[in-house]
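Undergrad: Taking the hints into account, I'd like the entire structure generated from these sequences.
Spelled out from the first residue to the last, the chains are:
2 protein chains.
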Amino acid sequence: MATASQGGKPSPERIFSTLIAYQQSEALKAAINLDIFTKIGEGAEEAGALAKAIGASERGTRILADYMTVQGFLTKEGTHYKLTPESAIFLDKRSPAYMGAMAGFLGAPHHRENLANLTEIVRKGSTIAGEGSNLAPHDEFWVEFARSMGGLATSSAMFIAGLIGSAEGKPVKVLDIAAGHGMFGLSIARMNPNAQIVALDWPNVLAVAEENAKKFGVSERWSKKAGSAFEAEYGDGYDYILLTNILHHFDHGGCVKLVKRVHAALKPGGKAVTLEFVPNPDRVSPPVPAAFSLVMLANTDSGDAYTFKELEKIFSEAGFSKTDAHPIPEMPQTVLVSEK
Amino acid sequence: MATASQGGKPSPERIFSTLIAYQQSEALKAAINLDIFTKIGEGAEEAGALAKAIGASERGTRILADYMTVQGFLTKEGTHYKLTPESAIFLDKRSPAYMGAMAGFLGAPHHRENLANLTEIVRKGSTIAGEGSNLAPHDEFWVEFARSMGGLATSSAMFIAGLIGSAEGKPVKVLDIAAGHGMFGLSIARMNPNAQIVALDWPNVLAVAEENAKKFGVSERWSKKAGSAFEAEYGDGYDYILLTNILHHFDHGGCVKLVKRVHAALKPGGKAVTLEFVPNPDRVSPPVPAAFSLVMLANTDSGDAYTFKELEKIFSEAGFSKTDAHPIPEMPQTVLVSEK
Numbered sequence: 049m050a051t052a053s054q055g056g057k058p059s060p061e062r063i064f065s066t067l068i069a070y071q072q073s074e075a076l077k078a079a080i081n082l083d084i085f086t087k088i089g090e091g092a093e094e095a096g097a098l099a100k101a102i103g104a105s106e107r108g109t110r111i112l113a114d115y116m117t118v119q120g121f122l123t124k125e126g127t128h129y130k131l132t133p134e135s136a137i138f139l140d141k142r143s144p145a146y147m148g149a150m151a152g153f154l155g156a157p158h159h160r161e162n163l164a165n166l167t168e169i170v171r172k173g174s175t176i177a178g179e180g181s182n183l184a185p186h187d188e189f190w191v192e193f194a195r196s197m198g199g200l201a202t203s204s205a206m207f208i209a210g211l212i213g214s215a216e217g218k219p220v221k222v223l224d225i226a227a228g229h230g231m232f233g234l235s236i237a238r239m240n241p242n243a244q245i246v247a248l249d250w251p252n253v254l255a256v257a258e259e260n261a262k263k264f265g266v267s268e269r270w271s272k273k274a275g276s277a278f279e280a281e282y283g284d285g286y287d288y289i290l291l292t293n294i295l296h297h298f299d300h301g302g303c304v305k306l307v308k309r310v311h312a313a314l315k316p317g318g319k320a321v322t323l324e325f326v327p328n329p330d331r332v333s334p335p336v337p338a339a340f341s342l343v344m345l346a347n348t349d350s351g352d353a354y355t356f357k358e359l360e361k362i363f364s365e366a367g368f369s370k371t372d373a374h375p376i377p378e379m380p381q382t383v384l385v386s387e388k
Numbered sequence: 049m050a051t052a053s054q055g056g057k058p059s060p061e062r063i064f065s066t067l068i069a070y071q072q073s074e075a076l077k078a079a080i081n082l083d084i085f086t087k088i089g090e091g092a093e094e095a096g097a098l099a100k101a102i103g104a105s106e107r108g109t110r111i112l113a114d115y116m117t118v119q120g121f122l123t124k125e126g127t128h129y130k131l132t133p134e135s136a137i138f139l140d141k142r143s144p145a146y147m148g149a150m151a152g153f154l155g156a157p158h159h160r161e162n163l164a165n166l167t168e169i170v171r172k173g174s175t176i177a178g179e180g181s182n183l184a185p186h187d188e189f190w191v192e193f194a195r196s197m198g199g200l201a202t203s204s205a206m207f208i209a210g211l212i213g214s215a216e217g218k219p220v221k222v223l224d225i226a227a228g229h230g231m232f233g234l235s236i237a238r239m240n241p242n243a244q245i246v247a248l249d250w251p252n253v254l255a256v257a258e259e260n261a262k263k264f265g266v267s268e269r270w271s272k273k274a275g276s277a278f279e280a281e282y283g284d285g286y287d288y289i290l291l292t293n294i295l296h297h298f299d300h301g302g303c304v305k306l307v308k309r310v311h312a313a314l315k316p317g318g319k320a321v322t323l324e325f326v327p328n329p330d331r332v333s334p335p336v337p338a339a340f341s342l343v344m345l346a347n348t349d350s351g352d353a354y355t356f357k358e359l360e361k362i363f364s365e366a367g368f369s370k371t372d373a374h375p376i377p378e379m380p381q382t383v384l385v386s387e388k
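Read top to bottom, the protein sequences are chains X and R. If you use my numbering, the first sequence corresponds to residues 49 to 388, in order. If you use my numbering, the second sequence corresponds to residues 49 to 388, in order.
It cannot be assumed that every hint is accurate.
No copy is singled out in the list; a pair is fine if it fits within one copy or between any two copies.
[Claimed, not checked] With a cut-off of at most 25 Å between alpha-carbon atoms, the simulated SDA-like pairs for lysine to any residue come out as follows:
#	residue 1	residue 2
1	Lys315	Asp287
2	Lys172	Val246
3	Lys130	Pro334
4	Lys172	Lys221
5	Lys124	Pro335
6	Lys124	Arg171
7	Lys357	Glu281
8	Lys57	Gly301
9	Lys57	Glu90
10	Lys262	Gly199
11	Lys218	Pro157
12	Lys141	Ser59
13	Lys172	Ala156
14	Lys141	Lys361
15	Lys100	Lys273
16	Lys124	Val343
17	Lys262	Gly217
18	Lys218	Arg171
19	Lys124	Ser65
Since the hints were made in silico from the structure, they are not lab data. The structure presented is a predicted model; accordingly, all values stated were derived computationally and were not measured.
TA: Here is the structure:
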């Protein structure tokens, strides 16, 4: 629960600031679009120089940079703006850990429009978007996802690769379902030179993952399979099948149906590795996984953020013998490993 | 400046949460629109009963109520949702301090659309909205403002009424420029039975203020004057002229022009009383006044949140002898009193 207002006396301040919180999203998105962090990092530290560097008005640049300072993404010393450690690492394009691209997906008009209809969505109980659960074949939305979200996935992907013992270098065959940017399978391939990865997604999305496979120099151990997770022929004999950020799009029945296909494609003793936002049984903690449920309400027909018990039941009904949970340190998601 | 991420180690978590902060605005707006706080206050504490009370799906209601709990506007005990002190006072319609109406103005599509174009606005240096600074005559937008924001203005209005000694009950003549909901002038009228108020605004907005004057039983000492603050005949001999939340819409020259008209309409020794978001000279603190500058960038041609020094200069150039600042306790705004 949030802390009380100043001095413990209730005030409407937090209601006010929550109603205008969208300004923070828009401002950070604009700052990333205009690339002000990279230009400040390169030395354009004053409003005039920065405006010139980003091709914008000085007035607009000054106000945006001040706002970014208020939000803690810059500091201001006299008339000089400076990067914070956070913005230097994640918002300066010259940094290998640059994550500004995620503004593209998180701030996509599609997301905004769905959320803007939330009153109606709550009445109905599911998305009111024509495209339903965004799972139409070849949906360009997932190309945006693949291009935007690879960076944020890096540490989770490394965690998963480590968790399944990739460093030992045993020959393994891995199916990466709804691969998106491909980072989860690719991290295993990078850590284990004897891993073979098969990535499944729509063909337009796989093109992004394929670029990443080339970039990481693992193309010869990475192959693609285009199609729907519910319909494509998976092949069989997999040591691991990855289900990263996919189950939350479906209801219990849909999840069981999908996980049964996963079960069938694993070799005996093989494991399904699931990445999810997993709230506690109270569904209101921890904050990020619990809040994710709203995103699924707005964007899907019947998806949700499932508790561990609910996920365990899905895997059990699909034939898995046991499921263990591994929270990712300092990240809001949990990895589940389910044994065939 | 914001605090460092967990354990002092930079993480992209705050970037992520800022990019999706708009979800908080949409969720609170939907919860207010659906009136879940009043219904919970009336006893519909479980998802099923609450859904029935608000005429919505149980799934959507459960997810929204959980999200409101995550955001600290509700608590959850088992399957029962309860109001927090803050939501009981400000978001339950049965409370005299209800402020849910402000979602109408703060979440207005007009505001959202302007902010959604922030990249372009920063390039240009001013709003790209056709209607410019929202100061077109009879703009319906200001009716929405007047209907939404009166509640939030209450404590500032009481502060101003007290500051100018209304409790002493001396006969005073007050002009309330851009009166909106009229709360500023009306609070003086309520505290001082010998105060005469003249409210100036567009005729459609004045209709809202007039309702409030009736509600407070001060109609016989409250009169209206329809027109533009830049063109209407003010009359003269005023003891006080109120300039609440208006100067930030204009550039320095526009402010001086307006304040000169105010100077002329005051009697000798009369005072202009200004309510503004006043940032420190660094323009990045305190957070709320400093951040307000972005709202003016997005919504006006050349408005801004002015520092005390800048405001003092405006009043001095318009002929005022001195200006004092009075920060409002526990509120983000400052009252300036300027003497003729």
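Undergrad: Look at each hint and say if it fits the structure.
TA: Do the hints match the structure? See the list:
1. When the C-alpha separation of Lys315 and Asp287 is checked against a cutoff of 25 Å, the pair qualifies only within one copy, where the shortest distance is 6 Å, while the shortest distance between copies is 88 Å.
2. Proximity of Lys172 to Val246 under the C-alpha cut-off of 25 Å is found in neither arrangement, the shortest distances being 38 Å within a copy and 48 Å between copies.
3. In this assembly of identical chains, the alpha carbons of Lys130 and Pro334 lie at most 25 Å apart only when taken from different copies (19 Å versus 33 Å within one copy).
4. In this assembly of identical chains, the alpha carbons of Lys172 and Lys221 never lie at most 25 Å apart, being 43 Å within a copy and 54 Å across copies at closest.
5. Taking identical chains as interchangeable, the C-alpha atoms of Lys124 and Pro335 lie at most 25 Å apart only when they sit on different chains, with a minimum of 13 Å there against 31 Å within one chain.
6. Taking the shortest alpha-carbon separations for Lys124 and Arg171, only the inter-copy value of 21 Å comes in at or below 25 Å, while the best intra-copy value is 45 Å.
7. Taking the shortest Cα distances, Lys357 and Glu281 never come within 25 Å of each other, neither inside one copy (29 Å) nor across copies (71 Å).
8. Taking identical chains as interchangeable, the C-alpha atoms of Lys57 and Gly301 are never at most 25 Å apart, the minima being 47 Å within one chain and 40 Å between chains.
9. In this assembly of identical chains, the alpha carbons of Lys57 and Glu90 lie at most 25 Å apart only when taken from different copies (23 Å versus 45 Å within one copy).
10. Taking the shortest Cα distances, Lys262 and Gly199 sit within 25 Å of each other inside one copy (16 Å), while across copies they are farther apart (59 Å).
11. Taking the shortest alpha-carbon separations for Lys218 and Pro157, neither the intra-copy value of 44 Å nor the inter-copy value of 56 Å comes in at or below 25 Å.
12. Proximity of Lys141 and Ser59 under a CA criterion of 25 Å is satisfied inter-copy only: 16 Å between copies versus 40 Å inside one chain copy.
13. With identical chains, the CA atoms of Lys172 and Ala156 are at most 25 Å apart both within one copy (23 Å) and between copies (23 Å).
14. In this assembly of identical chains, the alpha carbons of Lys141 and Lys361 never lie at most 25 Å apart, being 43 Å within a copy and 42 Å across copies at closest.
15. Proximity of Lys100 to Lys273 under the C-alpha cut-off of 25 Å is found in neither arrangement, the shortest distances being 46 Å within a copy and 46 Å between copies.
16. Taking identical chains as interchangeable, the C-alpha atoms of Lys124 and Val343 lie at most 25 Å apart only when they sit on different chains, with a minimum of 20 Å there against 35 Å within one chain.
17. In this assembly of identical chains, the alpha carbons of Lys262 and Gly217 lie at most 25 Å apart only when taken from the same copy (21 Å versus 81 Å across copies).
18. With identical chains, the CA atoms of Lys218 and Arg171 are never at most 25 Å apart, being 52 Å at best within one copy and 54 Å at best between copies.
19. Taking the shortest Cα distances, Lys124 and Ser65 sit within 25 Å of each other both inside one copy (23 Å) and across copies (23 Å).
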